[in-house]
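A.B. asks: Taken in sequence, the protein lines are chains R and U.
Numbering-wise, the first sequence is residues 0 to 125 according to numbering that gives the first Met the number 0.
Numbering-wise, the second sequence is residues 0 to 133 according to numbering that gives the first Met the number 0.
Just so you know, not all the hints are guaranteed correct.
Stated by the list, open to error - Only part of the chain R face toward chain U is listed, based on derived beta-carbon distances under 10 Å:
{"hint": "1", "residue": "K16"}
{"hint": "2", "residue": "G18"}
{"hint": "3", "residue": "Y22"}
{"hint": "4", "residue": "A64"}
{"hint": "5", "residue": "L71"}
{"hint": "6", "residue": "T74"}
{"hint": "7", "residue": "H77"}
{"hint": "8", "residue": "V84"}
{"hint": "9", "residue": "D88"}
{"hint": "10", "residue": "I90"}
Said to hold, decoys possible - Lysine to aspartate or glutamate pairs mimicking EDC-like chemistry, simulated, CA-CA at most 20 Å apart:
{"hint": "11", "chain 1": "R", "residue 1": "K120", "chain 2": "R", "residue 2": "E20"}
{"hint": "12", "chain 1": "U", "residue 1": "K70", "chain 2": "R", "residue 2": "E49"}
{"hint": "13", "chain 1": "U", "residue 1": "K106", "chain 2": "U", "residue 2": "D94"}
{"hint": "14", "chain 1": "R", "residue 1": "K120", "chain 2": "U", "residue 2": "D56"}
{"hint": "15", "chain 1": "R", "residue 1": "K16", "chain 2": "U", "residue 2": "D53"}
{"hint": "16", "chain 1": "R", "residue 1": "K96", "chain 2": "R", "residue 2": "E49"}
{"hint": "17", "chain 1": "R", "residue 1": "K16", "chain 2": "R", "residue 2": "E93"}
{"hint": "18", "chain 1": "R", "residue 1": "K120", "chain 2": "U", "residue 2": "D94"}
{"hint": "19", "chain 1": "U", "residue 1": "K70", "chain 2": "U", "residue 2": "D56"}
As the list claims (entries may be wrong) - Just so you have them, the derived chain R footprint on chain U, three or more residues with Cβ under 8 Å:
{"hint": "20", "region": "37-50"}
{"hint": "21", "region": "63-74"}
Honestly, the hints are just simulated from the structure, not real lab data.
Each residue gets a CB set at the ideal place from its N, CA and C atoms; glycine is no exception.
Letter by letter, the chains look like this.
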Amino acid sequence: MNFRTPIARVRGLGTAKHGTEHYLAINISSIALAGLGLWVFVGFLSVVGEGRQAVLEWMAHPLNAVLVVSFLYNTFYHMMLGFQVIIEDYIHTEWLKIISLMTLRFVCIYCGLISVLSALKIVFHN
Amino acid sequence: MEDRQRRPRPLSPHLQVYKLPFVALTSIAHRITGAALGVAAVVCSYFLLLLAGDEQDYATLIAYLDCVYVKALLILASLGFMYHALNGIRHLFWDVGFGFEVPTANKSGIAVIIGAVAITALYWSCIFAQTGGL
């Protein structure tokens with residue numbers, strides 16, 4: 000969503016660059032996470048203490064599967080955005096900032112992939 | 000002259016001398032819980048990996064979850080999660096313009112802390128009811 004007028008673009012006028020997008024993404028992912036988190040944690044409560052089979056069966060339900068996977072994706076996305084703000088706020092040495100941001104991105108993407116693929120493996124375990 | 004140019008400029012004391020308002024404390028707590036939850040998320044991705052594995056991996060997972068220190072950390076993580084979630088909702092209200100007045104912000108901050116402790120206690124008492132305690 001780029002709301003800049005053509006003249007503003009040409010003049011290279013005051014832009015928050017990716018700031019607005021970042022801010023909206025954090026807010027929207029928070030709203031999603033509030034609802035998804037509620038579902039996932041209440042769902043967890045319903046299977047805690049009942050053993051492995053109960054967990055696998057809970058995850059196998061399509062609705063639970065979809066919500067868990069989207070919860071995981073949202074979590075790591077929200078986490079990445081949040082940590083990005085922290086890094087940009089406190090690290091001012093340019094090379095260190097770039098390496099930190101890159102490491103953050105890798106960690107979030109790979110932990111996100113590990114979680115989502117593990118969840119899918121549980122969903123399709125039979 | 001050159002020596003003076005290379006030495007970093009002094010900064011007047013800020014955090015050491017200024018008493019932060021309550022809202023500032025809730026704000027930095029939101030950031031700290033967020034960062035801690037990030038670490039917790041990475042650990043949980045490992046737990047999920049174990050859950051998706053075979054019987055031996057599941058046994059390893061249960062061994063981790065049975066350990067008292069891990070349970071203590073999980074309780075702390077839940078507390079952090081509830082605080083961050085409730086304070087996040089408080090932030091969302093601020094984003095649409097409600098609750099900016101200082102007395103309201105202070106009251107909502109206290110409500111967030113009380114709510115976080117209460118919900119965490121309720122949640123874990125449900126878990127202990129089903130699994131038979133620490």
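A.B. asks: All hints are to be evaluated individually against the structure, with a verdict given for each.
C.D. replies: Tested hints:
| no. | hint | in the structure |
| --- | --- | --- |
| 1 | K16 | 20 Å, violated |
| 2 | G18 | 14 Å, violated |
| 3 | Y22 | 9 Å, holds |
| 4 | A64 | 13 Å, violated |
| 5 | L71 | 8 Å, holds |
| 6 | T74 | 6 Å, holds |
| 7 | H77 | 9 Å, holds |
| 8 | V84 | 8 Å, holds |
| 9 | D88 | 9 Å, holds |
| 10 | I90 | 14 Å, violated |
| 11 | R:K120 <-> R:E20 | 33 Å, violated |
| 12 | U:K70 <-> R:E49 | 17 Å, holds |
| 13 | U:K106 <-> U:D94 | 17 Å, holds |
| 14 | R:K120 <-> U:D56 | 14 Å, holds |
| 15 | R:K16 <-> U:D53 | 47 Å, violated |
| 16 | R:K96 <-> R:E49 | 46 Å, violated |
| 17 | R:K16 <-> R:E93 | 18 Å, holds |
| 18 | R:K120 <-> U:D94 | 39 Å, violated |
| 19 | U:K70 <-> U:D56 | 19 Å, holds |
| 20 | 37-50 | holds (count 9) |
| 21 | 63-74 | violated (count 0) |
In summary, the numbered hints that this structure violates are 1, 2, 4, 10, 11, 15, 16, 18, 21.
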